Amino acid sequence: MADGNLEKRPTDTAEHVKERPAVVPRVDVYENEKEYLLLADVPGVSRDNLSINLDQDELLLEAHRTDGDEATLMAAEFRSLDYRRKFALPQGVDRASVSAELRNGILRLSLPKAEAHRPRRIEIKAG
Amino acid sequence: MFGYIGDLDRTLALMDSLRRQMDRTFDTYERAGRNVSTEGGGYPPINLYDTGSGFLIKAEVPGLTEKDINLTLNQDVVTLSGELGADAPEGYSVHRRERAPVRFSRSFSLPSQVDPKRVEASIKDGILTIQLERTEEQKPRQISVKAS
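Each protein sequence line maps, in turn, to chains D and V. Each residue of the first sequence is one higher than the one before, starting from 1 at the first, in the working numbering. Each residue of the second sequence is one higher than the one before, starting from 1 at the first, in the working numbering.
Note that these hints are calculated values from the structure, not bench results. Do not rely on the hints blindly, as some may be mistaken.
What the hints assert, rightly or not - Covered by chain D, per the in silico footprint, the following chain V stretches (three or more residues, Cβ under 8 angstroms):
no. : region
1   : 44-50
2   : 58-68
3   : 85-96
Stated by the list, open to error - Below 35 angstroms or equal to it, Euclidean Cα-Cα: the simulated DSBU-like pairs (lysine-lysine) are:
no. : chain 1 : residue 1 : chain 2 : residue 2
4   : V       : K67       : D       : K86
5   : D       : K34       : V       : K67
6   : D       : K86       : D       : K34
7   : V       : K124      : D       : K34
8   : V       : K139      : V       : K117
9   : V       : K67       : V       : K117
10  : V       : K124      : V       : K139
11  : D       : K34       : D       : K125
12  : D       : K113      : V       : K124
13  : D       : K113      : D       : K86
14  : D       : K86       : V       : K124
15  : V       : K67       : V       : K139
All figures in this text were calculated on a predicted structure; none of them were measured in a lab. A virtual CB, placed ideally from N, CA and C, is assigned to each residue, including glycine.
Just chain V, with the same shape it has in the complex (with noise of 0.2 angstroms):
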């Protein structure tokens, strides 16, 4: 009996720790924005998807252009610098500044080696995307099994 109420209590704090985290993660996309925050990540905010052969990155990046990002692959570390400049316009008084200038620079490790040759980015609508393949090593293969 207590051992049941036990486990039911476990199980729900389980749950809860995990729905505290996913709202803080959401939290802190809604704080971060061009400050660059301490908690959680940072300016660009980042995704980061598997796409079985390989892995797509995709950075809020509003206002920047290839030519203003920097993005070097160092093994499986993945830098993105670059500078945001001020878009103020010239004999403006100003009434709202929300959108800061912002200087940054942010690295992250891949969850395993990619192949340097293949790596694309892009950008669209102020969404950088970035392609990178596994290597052939890394990447999932079948193993058919013989009858013996």
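Bound conformation, chain D alone (with noise of 0.2 angstroms):
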């Protein structure tokens, strides 16, 4: 036979034909004395398909993206997929104040610190 990946394909087609791959979102994780902020590129999606979990100590970024296009796909370099992405918490964030925006495919996520955590400049008296 000519190349043996033909037999390695996976049979259990039930679950692989609604397959949608999911892609990691690139990001920049920035940080300064009051906030953690989180810039991902979703392009595509929507603000209805956006979802942001935190969990104990865990953000999930999940966001579904649809191209919905009736006409024929002559070149593609892209297509619908799902974003997926876990990133672990860092310690004292204020998760009451959590806040997202979501602006020309770009999500922009600020964590802030909770008081109790923010560096403090401590006064050094003359005695």
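Please assemble the complex out of the two chains, which come individually in their own frames, going by the hints.
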């Protein structure tokens, strides 16, 4: 046989038929005294198709993207897919005030630090 | 007998090469991203559709706005160029940087002539959509057969 790959293809088709690729979105992570800031590229994702879950010590980012095209595809370099990425949450994030903003296909997630975890400047008194 | 097996082998080989080609296309997508790759395109990744009366081009351009993109049409060649600057916020330390700034220029020729006056482009959610219409001469036409 020309190539062994043909035999290695999965045969449990029921689950593979509707399989969509899940891709890791590219992110930048920044930090300053007040917050952690996460920027993620999620082109093609609208607000309704994006979910951000804060678990105990994990942040899960999931987005679903459909290109919904009826026209005939002639050349493809990208396709409908899901974005998914998990992050370990740093200590001391103030969960209640996490905020997110989606603009031009970029997600901007702000994770403020709890008051107790912010660096504090300690004054040294002259004795 | 041998002829039959040879045919089967050829068919399977053809299927396999097709599958590999598809794998490559998708692999490239997953790797390409913002790094300008030489294989199978570059930045931005695009999809080309045939709408019958014209073409539809979609490009992934997260972070770009209409101001950042130059779109030119010369005969049947579309050129997309522009620059995506760094959007790093001031006064932050960096933990991870995967989204590099990029300057790009990309041209592709369309399969047929398009009407330069009827081009529309828009950006939504980081996806650039360009709509082009074929020139009248290039449009598919139905020819009715007359009874003589």
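Checked hints:
A count of 6 residues in the region 44-50 of chain V with a Cβ less than 8 angstroms from any Cβ of chain D is obtained; the coverage claim is therefore met, three being the minimum. Only residues whose beta carbon comes within less than 8 angstroms of a beta carbon in chain D count, and the region 58-68 of chain V has 7; three or more means the coverage holds. Against chain D, the region 85-96 of chain V contributes 9 residues with a C-beta closer than 8 angstroms to a partner C-beta. That satisfies the three-residue criterion, and the hint holds. Distance restraint check for V:K67 and D:K86: the Cα-Cα separation of roughly 33 angstroms lies within the 35 angstroms cut-off, and the hinted pair is therefore satisfied.
Between D:K34 and V:K67 the alpha-carbon distance is near 32 angstroms, which keeps this suggested pair within the 35 angstroms criterion. Distance hint between D:K86 and D:K34 is fulfilled; the C-alpha atoms sit about 22 angstroms from each other, no more than 35 angstroms. At roughly 32 angstroms between alpha-carbon atoms, V:K124 and D:K34 fall within 35 angstroms of each other, so this suggested pair holds. Annotation: proposed proximity of V:K139 to V:K117 holds, straight-line Cα distance about 15 angstroms (limit 35 angstroms).
For a cut-off of 35 angstroms, the pair hint linking V:K67 to V:K117 stands: about 20 angstroms separates their Cα positions. Taken as a hint, the V:K124 and V:K139 pair is honoured in the structure, with Cα atoms around 28 angstroms apart against an allowance of 35 angstroms. Between D:K34 and D:K125, the direct Cα distance comes to roughly 26 angstroms. Compliance with the 35 angstroms bound is thereby established for this hinted pair. Restraint check for D:K113 and V:K124: the C-alpha separation of about 32 angstroms stays at or below 35 angstroms, so the hint holds.
Note on D:K113 and D:K86: the hinted pairing holds, with a Cα-Cα distance of about 19 angstroms set against a maximum of 35 angstroms. Annotation: proposed proximity of D:K86 to V:K124 holds, straight-line Cα distance about 26 angstroms (limit 35 angstroms). Pair hint V:K67 plus V:K139 holds up; C-alpha atoms about 32 angstroms apart against a cutoff of 35 angstroms.
Checked against the numbered hints above, the structure breaks none of them.
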